[in-house]
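J.: Residue strings, one per chain:
Number of protein chains: 4
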Amino acid sequence: MINVFINGYGTVGKRVADAVALQKDMKIIGVSKRTPDFDAEQAIKKGFDLYCVEGADVDAFKKRGMETNGYLKDIKDSVDVVIDGAPGKQGAKNMELYKSLGLNAIFQGGEDASIGTSFNAHANFDKNIGQKYIRVVSCNTTGLARTLSCLNEVNAIKKVKAVMIRRAADPGDNKRGPINAIVPEVKVPSHHGPDLKTVLPVDIETIAVKVPTTLMHLHTVMVDLKKEMKREEVIDLFNNRSRVILVSKEDGIDSTADIMEFAKNLGRNRGDMYEINVWKDSINVKDGMLYYIQAVHQESDIVPENVDAIRAMFDLKKRDESIEMTNKALGIL
Amino acid sequence: MINVFINGYGTVGKRVADAVALQKDMKIIGVSKRTPDFDAEQAIKKGFDLYCVEGADVDAFKKRGMETNGYLKDIKDSVDVVIDGAPGKQGAKNMELYKSLGLNAIFQGGEDASIGTSFNAHANFDKNIGQKYIRVVSCNTTGLARTLSCLNEVNAIKKVKAVMIRRAADPGDNKRGPINAIVPEVKVPSHHGPDLKTVLPVDIETIAVKVPTTLMHLHTVMVDLKKEMKREEVIDLFNNRSRVILVSKEDGIDSTADIMEFAKNLGRNRGDMYEINVWKDSINVKDGMLYYIQAVHQESDIVPENVDAIRAMFDLKKRDESIEMTNKALGIL
Amino acid sequence: MINVFINGYGTVGKRVADAVALQKDMKIIGVSKRTPDFDAEQAIKKGFDLYCVEGADVDAFKKRGMETNGYLKDIKDSVDVVIDGAPGKQGAKNMELYKSLGLNAIFQGGEDASIGTSFNAHANFDKNIGQKYIRVVSCNTTGLARTLSCLNEVNAIKKVKAVMIRRAADPGDNKRGPINAIVPEVKVPSHHGPDLKTVLPVDIETIAVKVPTTLMHLHTVMVDLKKEMKREEVIDLFNNRSRVILVSKEDGIDSTADIMEFAKNLGRNRGDMYEINVWKDSINVKDGMLYYIQAVHQESDIVPENVDAIRAMFDLKKRDESIEMTNKALGIL
Amino acid sequence: MINVFINGYGTVGKRVADAVALQKDMKIIGVSKRTPDFDAEQAIKKGFDLYCVEGADVDAFKKRGMETNGYLKDIKDSVDVVIDGAPGKQGAKNMELYKSLGLNAIFQGGEDASIGTSFNAHANFDKNIGQKYIRVVSCNTTGLARTLSCLNEVNAIKKVKAVMIRRAADPGDNKRGPINAIVPEVKVPSHHGPDLKTVLPVDIETIAVKVPTTLMHLHTVMVDLKKEMKREEVIDLFNNRSRVILVSKEDGIDSTADIMEFAKNLGRNRGDMYEINVWKDSINVKDGMLYYIQAVHQESDIVPENVDAIRAMFDLKKRDESIEMTNKALGIL
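Protein chains in written order, with the working numbering: chain A, 7 to 339; chain B, 7 to 339; chain C, 7 to 339; chain D, 7 to 339.
Read the hints as simulated data drawn from the structure, not as lab findings. You may find that some hints are simply not true.
Intra- or inter-copy, both count: the list cannot distinguish identical chains.
SDA-like mimics (lysine to any residue), calculated; alpha carbons at most 20 Å apart, straight line [stated by the list, open to error]:
1. Lys292 / Gly16
2. Lys165 / Val291
3. Lys292 / Gly136
4. Lys51 / Asn275
Please put together the full structure from these sequences, using the hints given.
T.: As structure tokens, this is what we get:
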């Protein structure tokens with residue numbers, strides 16, 4: 007039984023905590039927060055032991071009537087792995103703490119690739135076996151890895167171009183904008199292409215643009231095929247791959263709003279959508295190019311990946327066994 | 007055991023279906039849909055018997071591989087009550103069908119008040135006992151009734167002014183705008199005041215404005231008090247009333263986005279928030295006026311009310327018993 | 007001829023610069039910028055002498071090929087008045103500079119009222135005659151002062167309640183949110199009421215809420231009347247007051263978006279709307295209460311006020327003459 | 007002097023009317039409206055003769071105090087060309103009227119290509135000389151034609167892929183959404199590629215996505231180059247082409263909101279941006295592919311094209327002369 011500590015019980019941290027709690031071979035032994043807000047309160051109600059993030063004010067928690075159990079260092083001897091749920095670039099700072107405490111750690115995609123080995127379950131589980139520091143690649147990179155790994159396994163990819171239309175803020179964020187603008191990343195190609203290469207060896211260039219929505223990212227993918235493929239073959243590849251779902255206008259799925267409504271129908275935790283959703287209607291092969299459009303739930307697609315990363319780190323299971331266990335526990339289609 | 011048929015398995019219908027299914031004294035015997043979309047598919051997966059809305063094309067369902075069981079008329083003998091989940095004003099048209107089939111029916115707040123007796127559990131449960139046609143008042147009116155009924159019970163209300171800042175579309179709606187505008191209802195006072203009076207006899211005037219958000223409505227309420235009250239008394243009243251929650255900036259709740267994030271934390275069906283959320287910080291008494299700000303989850307606050315309306319209709323339970331049963335089944339705080 | 011220096015050529019500063027340049031009795035002798043962006047470039051193209059804001063990096067301007075003329079201190083002997091166009095609270099810091107240079111200054115509404123006398127042309131022009139430091143009240147307060155001063159002049163106001171639905175960011179802002187939330191100011195009543203009292207002695211309480219739009223603020227105003235008034239009298243009052251316009255659904259004006267479209271039709275500088283727009287349809291008297299809804303263009307309603315404030319400061323003209331001159335120069339209806 | 011009638015004085019019609027009125031070789035002899043709204047009122051104030059759109063209710067105009075001059079048929083003998091400003095697909099219906107009246111007409115890009123010859127000034131002016139029915143291609147297609155025609159003239163294009171991130175509604179539209187969703191056009195490639203080919207013979211595939219913003223479209227363009235090109239050569243090409251502007255983050259232009267703010271600075275009619283804005287920072291050549299990102303002001307990029315289309319239709323001027331005249335009159339950079 008692997009003991010998991012969630013350092014930073016926020017958007018990612020609280021989701022991974024719930025996911026870990028559903029597995030048979032691992033459990034949560036603590037979660038940490040910087041501020042005594044409703045997330046902290048909820049952690050206690052769920053029965054998680056609450057800790058303070060290093061540097062946080064314990065008294066502030068006391069004032070709000072929340073019992074805390076100290077800091078990560080106070081429980082370090084019982085911790086097998088820390089899931090770092092800190093916002094981008096903060097993880098690199100936390101690394102020093104983990105090293106000083108001698109702790110294994112899994113970071114999120116906001117960190118630089120140099121922080122550890124990069125991870126995506128379908129794309130490169132085996133390369134992460136036994137690693138002390140693993141980085142689960144970002145929601146966007148995970149989205150690309152999910153579908154492109156299918157194509158890569160049948161050796162179909164010559165070159166990829168992807169345009170990533172990103173949601174500018176998460177649903178619970180009431181500070182970030184823009185309210186009414188499109189904000190391109192003017193560095194073209196963007197950093198997402200190189201990031202994908204840390205988990206999947208494909209020739210890819212990406213362009214990124216931010217838009218005023220909170221629900222999901224959307225990717226338009228164009229693959230220069232190395233060999234002839236029919237639309238139906240691609241549909242079959244995606245259909246046979248877990249963590250990828252085909253949706254269509256026939257089902258009434260016209261937009262990212264419909265996908266999130268569909269996700270709520272599934273009755274999952276927080277209405278999350280762990281799978282990448284590819285519009286079946288958009289899959290098309292023309293003049294040797296494969297086109298498709300996919301949507302990525304930025305808050306949750308990396309949740310099952312974090313679970314699998316733990317299993318790779320401790321060599322608990324083989325890739326396919328781990329993926330299947332995780333999927334089953336999370337109700338992934 | 008009351009047999010409930012959901013006519014129109016959409017935003018309201020599917021939520022009421024789930025809520026009814028959780029009660030001990032009633033059950034879903036069928037749900038109907040107009041189009042064979044992902045909601046229809048989900049209904050089948052949940053084990054609900056799927057019917058076609060009168061006039062819908064059965065073949066369209068067949069083509070999509072969905073088995074249907076005919077129309078409402080085909081099951082009418084087993085139905086005790088129809089929950090009409092049709093969009094505003096369509097319920098009035100459906101009324102003819104229900105009458106011709108001799109069926110009891112519960113309508114939603116988009117219908118005119120003349121369609122039946124108006125209902126809010128805390129405000130006027132008893133007036134609805136034994137009624138054949140009941141209208142659960144709209145999400146906005148329900149929101150006002152919830153908090154104002156507390157004040158009315160202690161005879162504290164002289165006059166009320168409320169400004170209702172309405173979300174312009176539901177989260178799953180990708181057609182309706184505006185994207186970047188504020189749209190006032192220029193008829194001042196608006197129709198919401200008179201609507202509240204159908205369930206609560208208070209002197210109220212309302213103003214309504216639409217804004218480009220999908221999450222929740224927000225009400226600013228100003229009550230000219232009939233007697234002296236302290237802020238703390240109001241806080242106590244709201245605290246002691248179920249289906250009303252006090253939230254605060256201290257908890258990290260700054261906006262409707264934070265409330266919906268908090269709701270997701272609770273792990274409820276679809277991340278719904280059945281309760282009206284009043285900002286504790288906003289409750290203030292000054293110069294004989296009570297002020298407060300509340301948020302209303304337009305998709306779900308009327309869900310427990312529909313369940314209670316069924317109990318009133320068939321005189322299954324007394325008001326407080328029904329409310330408690332419903333609350334417990336839905337996990338209402 | 008009054009020599010005006012614009013310290014901070016941003017959203018407000020550039021508009022006041024253009025407005026001052028159109029007057030016969032004042033002129034722009036310099037404008038300052040912190041960063042060498044497209045606004046700075048435009049200032050030069052318009053023929054304004056460009057200066058650096060105190061502390062700004064002159065070399066950064068040079069690198070971008072923009073000639074600057076030093077700092078405010080370098081031209082102080084020719085300056086009669088500085089228009090402080092700095093963002094909220096920065097003006098208070100700038101005050102020290104102005105004092106050390108012995109300069110008169112006009113501040114914007116983001117500053118505390120204590121910084122100088124508060125100004126609104128129709129409401130209290132005379133109180134500002136000869137003042138060295140004047141604060142033009144904020145866009146929202148200006149909006150309230152415009153219409154309420156009409157009612158106050160006929161001694162019609164007993165008490166006012168206003169709910170202010172504020173645009174969360176300006177159109178050119180791509181950073182600030184929220185994208186999808188309503189953010190109430192939980193301190194109720196809000197600070198806007200007391201702010202209005204600095205220019206107009208009325209009994210008022212206000213509530214403020216931020217919404218995800220960039221175009222205009224919208225106010226719902228409820229006036230407890232001191233005497234009987236008919237709807238038509240109110241319409242006449244507003245009709246006869248400059249800087250207030252009546253709009254209506256009949257004209258196709260349903261929202262703030264329509265007003266801004268109407269403003270563009272007028273062919274004014276930047277498509278600005280200096281006037282407060284009151285929906286004629288919304289004006290209603292019921293049970294001794296007057297109701298109306300108005301929209302405020304946050305970027306420009308204070309522009310003519312700044313011009314009049316200069317005239318008051320130097321006692322150039324009487325109130326009505328100044329207002330008429332300003333209106334004529336700006337094409338105000 | 008060409009007599010121009012604007013049939014449909016809306017978003018496009020009113021802009022073309024203003025632009026035509028600024029030319030020396032053409033004039034507006036009438037504009038028509040369907041409803042007596044503020045646009046109609048403004049047309050009268052501007053001195054345009056107001057007509058009713060065929061089928062519109064003259065009495066409705068009279069009630070609002072607006073004098074109309076009948077219908078297009080009443081003035082047909084004086085009309086040289088009709089600018090059809092009707093919403094998409096309505097132009098095709100209007101065609102019958104124009105034919106029955108024997109009138110030349112210029113349509114907008116919402117019509118099918120079959121309605122007449124397709125037009126873009128830089129791309130194919132000459133092909134439209136003497137044509138009776140011309141279609142100015144859509145705002146998006148015009149945007150692509152502007153920059154790609156530069157590259158095509160130096161024979162640099164092998165293949166193009168473009169992803170078009172479209173604003174979902176115009177700024178004055180308060181009905182259309184989505185408020186919070188990304189809506190892909192699931193038909194991939196989209197119809198925009200073929201549409202471009204009606205004016206420019208290039209191999210292009212396009213993908214289109216709608217996002218909740220009102221200001222501008224944004225295109226990410228990827229060109230497989232036929233020959234080696236340096237970034238600087240592309241910059242020179244765009245710099246030397248009128249109706250294309252290079253912008254950059256150095257200027258403070260980070261988003262479409264900044265571009266529209268920049269446009270307001272220019273002091274043009276309605277704050278319009280006739281030029282296509284290419285981010286200089288985004289122009290990059292890598293592995294034989296040219297990348298760039300451009301923004302398109304959907305309301306106005308087609309305005310100068312309509313003017314040039316009139317000159318082509320009547321063979322008034324050669325391409326470059328016409329473009330120069332139009333640019334000068336409109337203040338195009």
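J.: Does each hint hold? Answer for all of them.
T.: Going down the list of hints, with the structure as the test:
1. Lys292 / Gly16: Answer is neither; intra-copy 43 Å and inter-copy 38 Å both fail.
2. Lys165 / Val291: both (14 Å within a copy, 16 Å between copies)
3. Lys292 / Gly136: Neither: 43 Å inside a chain and 37 Å across chains, both beyond 20 Å.
4. Lys51 / Asn275: Answer is both: 16 Å inside a copy and 18 Å across each meet the 20 Å cutoff.
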